[in-house]
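If you're matching them up, the sequences are chains A and B in order.
The numbers in the working numbering rise by one with no breaks, and the one at position 179 of the first sequence is 179.
The numbers in the working numbering rise by one with no breaks, and the one at position 157 of the second sequence is 157.
These are computed hints drawn from the structure, not numbers from a lab.
Be careful, since some hints might not be right.
Beta-carbon label-pair distances, calculated as ranges [to be verified]:
(1) A/A44 / B/D167: 51 to 61 Å
(2) B/D35 / A/L201: 47 to 57 Å
(3) A/G195 / B/E163: 48 to 58 Å
(4) B/G156 / A/S198: 37 to 47 Å
(5) A/S198 / B/G132: 55 to 65 Å
(6) A/A106 / B/T42: 34 to 44 Å
(7) A/A150 / B/F127: 41 to 51 Å
(8) B/E178 / A/A26: 18 to 28 Å
Here are some chain B residues pointing at chain A (derived, C-beta under 7 Å) [claimed, not checked]:
(9) V12
(10) V29
(11) L86
(12) A116
(13) L221
(14) Q240
Per the computed footprint, the stretches of chain A lying under chain B, defined by three or more beta-carbons under 8 Å from a beta-carbon of chain B, are [to be verified]:
(15) 89-98
(16) 126-140
Only a predicted model underlies this, so the values are computations on that prediction, with no experimental measurement involved.
Even for Gly, the Cβ is constructed at its ideal location relative to N, Cα and C.
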Amino acid sequence: MALPSVTTRRTPASWPRPSAGVVLVAPDLIYLTLILLAPLGMMAAHSLYTANSPGMTLANYARLADPYFLRLLGRTARIAFETTAICTILAYPLAYFLARASRGTATLGLVLLLTPLMVSPVVRAFGWMVLLDRQGLVLSLARGLGFTDARPLIYTETAVIIGLVHLLLPYLVLPLTASIERISPMLEEAARNLGAGSFALFRDVILPLSLPGLVSGALLVFVEALSAFVLPALLGGRKVRMIGNEVFDSLLVAFNQAQASTLTVVLVVLTIVTVGAGFGLSRMRGG
Amino acid sequence: MQRIGPVLSGTVVLIYGFILLPLVVILGVSFNASDRLDFPPTGLSLRWYETLLHQPPFLTALLTVSLPVGVGSAICSTLLGTLAALGLVRYRFPGRDALQAVTLLPLVVPHILLGASLYLWFANLGFSTSIGTLIIGHILIATPYVIRTVAAGLVGLDPFIEEAARDLGAGRLRCFFEVVVPQLRSSLISGAIFALIVSFSDINIALFVSGPETTTLPVYLFSKIQWESDPSVAAASAGQIVIIGLIILLIQQLFRARIGR
Chain A
1 MALPSVTTRR
11 TPASWPRPSA
21 GVVLVAPDLI
31 YLTLILLAPL
41 GMMAAHSLYT
51 ANSPGMTLAN
61 YARLADPYFL
71 RLLGRTARIA
81 FETTAICTIL
91 AYPLAYFLAR
101 ASRGTATLGL
111 VLLLTPLMVS
121 PVVRAFGWMV
131 LLDRQGLVLS
141 LARGLGFTDA
151 RPLIYTETAV
161 IIGLVHLLLP
171 YLVLPLTASI
181 ERISPMLEEA
191 ARNLGAGSFA
201 LFRDVILPLS
211 LPGLVSGALL
221 VFVEALSAFV
231 LPALLGGRKV
241 RMIGNEVFDS
251 LLVAFNQAQA
261 STLTVVLVVL
271 TIVTVGAGFG
281 LSRMRGG
Chain B
1 MQRIGPVLSG
11 TVVLIYGFIL
21 LPLVVILGVS
31 FNASDRLDFP
41 PTGLSLRWYE
51 TLLHQPPFLT
61 ALLTVSLPVG
71 VGSAICSTLL
81 GTLAALGLVR
91 YRFPGRDALQ
101 AVTLLPLVVP
111 HILLGASLYL
121 WFANLGFSTS
131 IGTLIIGHIL
141 IATPYVIRTV
151 AAGLVGLDPF
161 IEEAARDLGA
171 GRLRCFFEVV
181 VPQLRSSLIS
191 GAIFALIVSF
201 SDINIALFVS
211 GPETTTLPVY
221 LFSKIQWESD
231 PSVAAASAGQ
241 IVIIGLIILL
251 IQQLFRARIG
261 R
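Let's have the full structure, built from the sequences with the hints guiding it.
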């Protein structure tokens with residue numbers, strides 16, 4: 001996430017004082033304080049109060065220990081985990097291909113990978129709704145292949161995971177491609193000459209050397225999946241709800257600000273813990 | 001060059017099929033002749049596009065909300081983001097790393113939570129939903145993309161060109177506008193396009209800060225898909241895909257013409 005940095009060869013004496021940097025960043029900082037930090041802070045504060053007790057309390061958090069919320073949290077974590085796992089399996093062949101293909105092919109591959117990113121998640125979820133529905137292509141294919149008792153996938157966890165994998169796969173493929181590009185093809189040749197098969201090559205060369213890209217991409221996918229809203233709303237229906245759906249409904253349907261705020265804090269903490277753990281892990285490996 | 005075996009090629013083709021399938025389905029359904037969401041389409045017609053042109057909510061969402069909001073947030077976030085990128089890349093000061101982390105924070109915090117907290121914030125401040133609240137929300141998520149793009153562009157600049165301009169007597173502002181900005185043009189334009197696309201396809205913020213009068217195209221599509229989906233929704237979705245494509249093409253052309261001059 002670090003930005004590159006270049007300072008000109010001019011000394012601070014000829015350029016304005018170093019604090020000019022702060023002045024340039026200031027408008028964005030003021031903006032972020034008013035529109036990001038203050039609202040999130042207010043939500044954190046909301047989560048500590050209830051309507052019927054005057055002081056600060058953790059009652060809102062205690063309420064999350066209820067079986068309904070525990071199931072919700074468990075389901076959200078499970079879906080995010082499975083999405084990440086499937087993305088990893090799909091991302092490796094694709095990233096390896098993009099890293100090793102000729103320039104023209106790789107460019108075409110990247111364009112095809114990135115174009116869907118610009119289309120609204122709503123539109124992409126709609127495509128899957130049509131495919132996974134009762135009259136959809138997937139079901140008639142399954143029945144055609146002899147699975148006569150196949151059931152439509154729409155409104156199941158599988159449907160939500162398919163949609164999330166589709167939405168988030170590029171986030172994993174991009175850093176992974178960058179990592180694999182840095183592995184010298186000569187290393188692969190050496191491994192091959194020493195008798196390594198494709199699987200051994202992957203396990204002993206590609207996987208360990210591409211681990212940093214894998215970790216950063218997988219973290220992004222996991223965190224994005226944790227906070228999914230549109231996909232579970234459209235592909236999961238009433239049955240497969242995730243934290244994001246609960247936040248939305250408690251705010252805009254039930255007008256329960258305290259509950260929405262509490263869930264928000266839980267989700268932010270989950271996100272920070274995941275990202276922190278991931279960075280710790282990759283640093284340990286690197287060091 | 002490493003050879004890419006048939007097994008790998010086959011797998012890659014299948015994965016691309018998976019990636020493109022839903023978009024192909026949307027386009028297919030939108031040309032459907034029947035009233036159902038049939039794919040493959042049972043007959044071809046343009047009737048759903050025609051229906052769309054007679055649907056005021058769709059036209060309002062697209063022309064008076066999504067496009068102006070997209071352009072407005074692209075302009076504002078390009079300004080904010082360019083200034084921030086300049087400050088972060090060109091200057092060293094205490095706390096620079098921390099500031100940098102803060103400016104990229106909207107990429108890390110889940111967008112659904114940004115939307116929810118903005119909803120509560122605006123409600124507490126007594127703001128009602130409008131084009132303005134949408135633009136304010138979209139600037140938040142678009143600016144980090146501008147910062148990253150412009151920062152990458154700044155790194156590629158040759159500091160000697162600026163030094164030469166300064167040595168030849170150009171003032172700091174003149175040097176910035178006549179030397180730095182022209183060299184940064186491609187980064188600025190791609191930053192602005194990123195911002196426009198982020199705004200145009202956003203749903204998580206818009207769901208919370210758009211009102212009945214200011215429904216963006218994705219929000220319109222979302223509620224329509226949830227309650228009554230007919231092939232006209234597919235036509236509208238196809239419209240979203242086509243508009244994004246057109247924006248990219250148009251700006252690319254504009255950009256190429258400029259470079260050629």
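Against the structure, the hints:
no., hint, in the structure
1, A/A44 / B/D167: 51 to 61 Å, "holds, 52 Å"
2, B/D35 / A/L201: 47 to 57 Å, "holds, 53 Å"
3, A/G195 / B/E163: 48 to 58 Å, "holds, 56 Å"
4, B/G156 / A/S198: 37 to 47 Å, "holds, 38 Å"
5, A/S198 / B/G132: 55 to 65 Å, "holds, 57 Å"
6, A/A106 / B/T42: 34 to 44 Å, "holds, 38 Å"
7, A/A150 / B/F127: 41 to 51 Å, "holds, 50 Å"
8, B/E178 / A/A26: 18 to 28 Å, "holds, 25 Å"
9, V12, "holds, 5 Å"
10, V29, "holds, 6 Å"
11, L86, "holds, 5 Å"
12, A116, "holds, 5 Å"
13, L221, "holds, 5 Å"
14, Q240, "holds, 6 Å"
15, 89-98, "holds (count 5)"
16, 126-140, "holds (count 10)"
Violated hints for the displayed structure: none, as all numbered hints are satisfied.
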